[in-house]
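Student: Using the hints provided, position chains V, R and D relative to the given structure of chain E.
Protein chains: 4
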Amino acid sequence: MVEANGADAAWPDLAGRIVAEPSGARQHVLPVRVYFEDTDFSGFVYHATYLRWCERGRSDFLRMIGVHHGDLLTGEGGASPAAFVVRRMQIEFRRPARIDEVVEVHTRVASLTAAVLTLAQDVWRDGIRLFDATVDVVLVSLDGKPQRLDRRLGRELGPHD
Amino acid sequence: MVEANGADAAWPDLAGRIVAEPSGARQHVLPVRVYFEDTDFSGFVYHATYLRWCERGRSDFLRMIGVHHGDLLTGEGGASPAAFVVRRMQIEFRRPARIDEVVEVHTRVASLTAAVLTLAQDVWRDGIRLFDATVDVVLVSLDGKPQRLDRRLGRELGPHD
Amino acid sequence: MVEANGADAAWPDLAGRIVAEPSGARQHVLPVRVYFEDTDFSGFVYHATYLRWCERGRSDFLRMIGVHHGDLLTGEGGASPAAFVVRRMQIEFRRPARIDEVVEVHTRVASLTAAVLTLAQDVWRDGIRLFDATVDVVLVSLDGKPQRLDRRLGRELGPHD
Amino acid sequence: MVEANGADAAWPDLAGRIVAEPSGARQHVLPVRVYFEDTDFSGFVYHATYLRWCERGRSDFLRMIGVHHGDLLTGEGGASPAAFVVRRMQIEFRRPARIDEVVEVHTRVASLTAAVLTLAQDVWRDGIRLFDATVDVVLVSLDGKPQRLDRRLGRELGPHD
Numbered sequence: 001m002v003e004a005n006g007a008d009a010a011w012p013d014l015a016g017r018i019v020a021e022p023s024g025a026r027q028h029v030l031p032v033r034v035y036f037e038d039t040d041f042s043g044f045v046y047h048a049t050y051l052r053w054c055e056r057g058r059s060d061f062l063r064m065i066g067v068h069h070g071d072l073l074t075g076e077g078g079a080s081p082a083a084f085v086v087r088r089m090q091i092e093f094r095r096p097a098r099i100d101e102v103v104e105v106h107t108r109v110a111s112l113t114a115a116v117l118t119l120a121q122d123v124w125r126d127g128i129r130l131f132d133a134t135v136d137v138v139l140v141s142l143d144g145k146p147q148r149l150d151r152r153l154g155r156e157l158g159p160h161d
Numbered sequence: 001m002v003e004a005n006g007a008d009a010a011w012p013d014l015a016g017r018i019v020a021e022p023s024g025a026r027q028h029v030l031p032v033r034v035y036f037e038d039t040d041f042s043g044f045v046y047h048a049t050y051l052r053w054c055e056r057g058r059s060d061f062l063r064m065i066g067v068h069h070g071d072l073l074t075g076e077g078g079a080s081p082a083a084f085v086v087r088r089m090q091i092e093f094r095r096p097a098r099i100d101e102v103v104e105v106h107t108r109v110a111s112l113t114a115a116v117l118t119l120a121q122d123v124w125r126d127g128i129r130l131f132d133a134t135v136d137v138v139l140v141s142l143d144g145k146p147q148r149l150d151r152r153l154g155r156e157l158g159p160h161d
Numbered sequence: 001m002v003e004a005n006g007a008d009a010a011w012p013d014l015a016g017r018i019v020a021e022p023s024g025a026r027q028h029v030l031p032v033r034v035y036f037e038d039t040d041f042s043g044f045v046y047h048a049t050y051l052r053w054c055e056r057g058r059s060d061f062l063r064m065i066g067v068h069h070g071d072l073l074t075g076e077g078g079a080s081p082a083a084f085v086v087r088r089m090q091i092e093f094r095r096p097a098r099i100d101e102v103v104e105v106h107t108r109v110a111s112l113t114a115a116v117l118t119l120a121q122d123v124w125r126d127g128i129r130l131f132d133a134t135v136d137v138v139l140v141s142l143d144g145k146p147q148r149l150d151r152r153l154g155r156e157l158g159p160h161d
Numbered sequence: 001m002v003e004a005n006g007a008d009a010a011w012p013d014l015a016g017r018i019v020a021e022p023s024g025a026r027q028h029v030l031p032v033r034v035y036f037e038d039t040d041f042s043g044f045v046y047h048a049t050y051l052r053w054c055e056r057g058r059s060d061f062l063r064m065i066g067v068h069h070g071d072l073l074t075g076e077g078g079a080s081p082a083a084f085v086v087r088r089m090q091i092e093f094r095r096p097a098r099i100d101e102v103v104e105v106h107t108r109v110a111s112l113t114a115a116v117l118t119l120a121q122d123v124w125r126d127g128i129r130l131f132d133a134t135v136d137v138v139l140v141s142l143d144g145k146p147q148r149l150d151r152r153l154g155r156e157l158g159p160h161d
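Chains as they are written, first to last, in my numbering: chain E, 1 to 161; chain V, 1 to 161; chain R, 1 to 161; chain D, 1 to 161.
Isolated chain E (complex conformation):
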């Protein structure tokens, strides 16, 4: 539980928030500021930046339900050392973002099987959707073998259609 340090307590919203949608489904919301590093010479946010932001959203969503990359890597609880890996993405870049803006990364579970966690993620600025993606992630041991996701995540993520 590497992250349970003092700074974590001092900055309560650092990992975003899990909110209930009107439908009852849970959604993770992470605010992100656009910095120099996120932009390119066109003046817009660089396209691969959205993938970094979505990865932050996924990591913080998992963190808030008790799953930590550092623990997976060291193989806590007798499990093989493992890491989440992206297997497939479908992406639409709808509108550009620019320096200084604040956007929100929204992450929700689309489906969970024994092998694949599918997330729907989008990026919003003031109620306008800038980006959306469907992301399939799998858990692999460091020598490349797929690991079961359902036992580890199923309890937290619950049944999904």
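It is worth saying that the hints were derived from the structure and are not from the lab. There's no promise every hint is true.
Identical copies go unnamed one by one, so any copy, or any two together, can satisfy a pair.
[Claimed, not checked] Taking lysine to any residue and the SDA-like style, the derived pairs with C-alpha atoms no more than 20 Å apart in a straight line are: (1) K145 / T118; (2) K145 / A79; (3) K145 / G78; (4) K145 / E92; (5) K145 / T74; (6) K145 / L130; (7) K145 / L112; (8) K145 / P96; (9) K145 / R98.
Tutor: Chains V, R and D alone, transformed into the frame defined by chain E:
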């Protein structure tokens, strides 16, 4: 034509090569080394790194057919200042790459319309495909208006079905 | 003032906090989470990542005293379009950081002249200093000419020895 | 020796070249193209990009004298798994680079002790120096212990004052 400097002449393969496939279609090939910056703590290449590599492939492909980002940005030839922007991607991450490896980014035109250039891109290591993507790019002026692609690129890229 | 949007209000600590040190000097503190993107295959945080974090600290410090990159770029108030540029850095990497950790970037003004703003920045984890840097930044117009800093920043940053 | 694959042979200059300076000292030269990913909204190359480029120069210099990160990581030859880590940098950003340009990263050994390899690195465009840095690197085992450099590198790098 900012890039026609001495270093460019001294390193002839720096922008990769355009090769003819058995079908007669042309394909751009760019070698890429895996450095520290491309990897993450899992030991694998970070997923968004492949998008940076594909962007290099697209840029060098365009460069070799005479289209330069710097010229587009300054609006050379009376055109509006403009930049290529990714609109849509479908991505599959098949196998991991690791530090020190050399991979090749392959880029070919899938289709070209007045508004959208669709590219098929994949990343290979020693004959094994690690990654593939279909990428829709558009040309937009810096205030966000779509620009016609066909007149500028059509002559170079030729007819495509 | 692009950033004064709804998301900004909803996440009050997003730009960190300015705190008074015992000496009376002000210091900006920004919490940063370590994500996949920040690490490399060694398992440690990639060295250039600290520069990205420090740039976030500088940007948010300036933001909190009313200076915005977007406004500088569009040349608000009749000024030439301009951007902050790093001129010189002295850096010491003391201890590594790792995935999932929360660190704090501390930024304070070391000196301010007509041309150069010198900042002292360090990165801490639970009271342990991981990194420190002295950073000289200048403001240049987009065609490369240095701009006076003192009139714009002097009022906010006050006299410094 | 992961990198001795077919792609490596097909692209002979991919790791740059080691050239003899008039003084007899050896210098490594690596060409680098400026892509979207390297720039920011100011239109200039983002400051931390130069650190990525220098790291590529260091890695390829070491590669050409027979030292490979992948081998160090797996602890080849009975050594502890280890990685090169930057300990200290002094950096001067002299002139900006822009999209599409080709620059060269020059790397030479300034000194080598049992613990620290000091490199002088600079970035040039058409005979103009854009950037220079002095970089101290050390070799650490993955649990953080410093490793001796001289036996491993001394034979290749020769005596230095």
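Student: Indicate, hint by hint, whether the structure satisfies it.
Tutor: Going through the hints against the structure:
1. K145 / T118: Only inside one copy: K145 and T118 sit 19 Å apart there, 34 Å across copies, limit 20 Å.
2. K145 / A79: within (12 Å within a copy, 27 Å between copies)
3. K145 / G78: within (16 Å within a copy, 26 Å between copies)
4. K145 / E92: between (30 Å within a copy, 17 Å between copies)
5. K145 / T74: both (16 Å within a copy, 19 Å between copies)
6. K145 / L130: between (35 Å within a copy, 16 Å between copies)
7. K145 / L112: Within. Shortest intra-copy distance 18 Å satisfies the 20 Å Cα cut-off; inter-copy 40 Å does not.
8. K145 / P96: between (38 Å within a copy, 12 Å between copies)
9. K145 / R98: So K145 and R98 pass the 20 Å test across copies only (16 Å; inside, 40 Å).
In this structure, none of the earlier numbered hints is contradicted; all agree with it.
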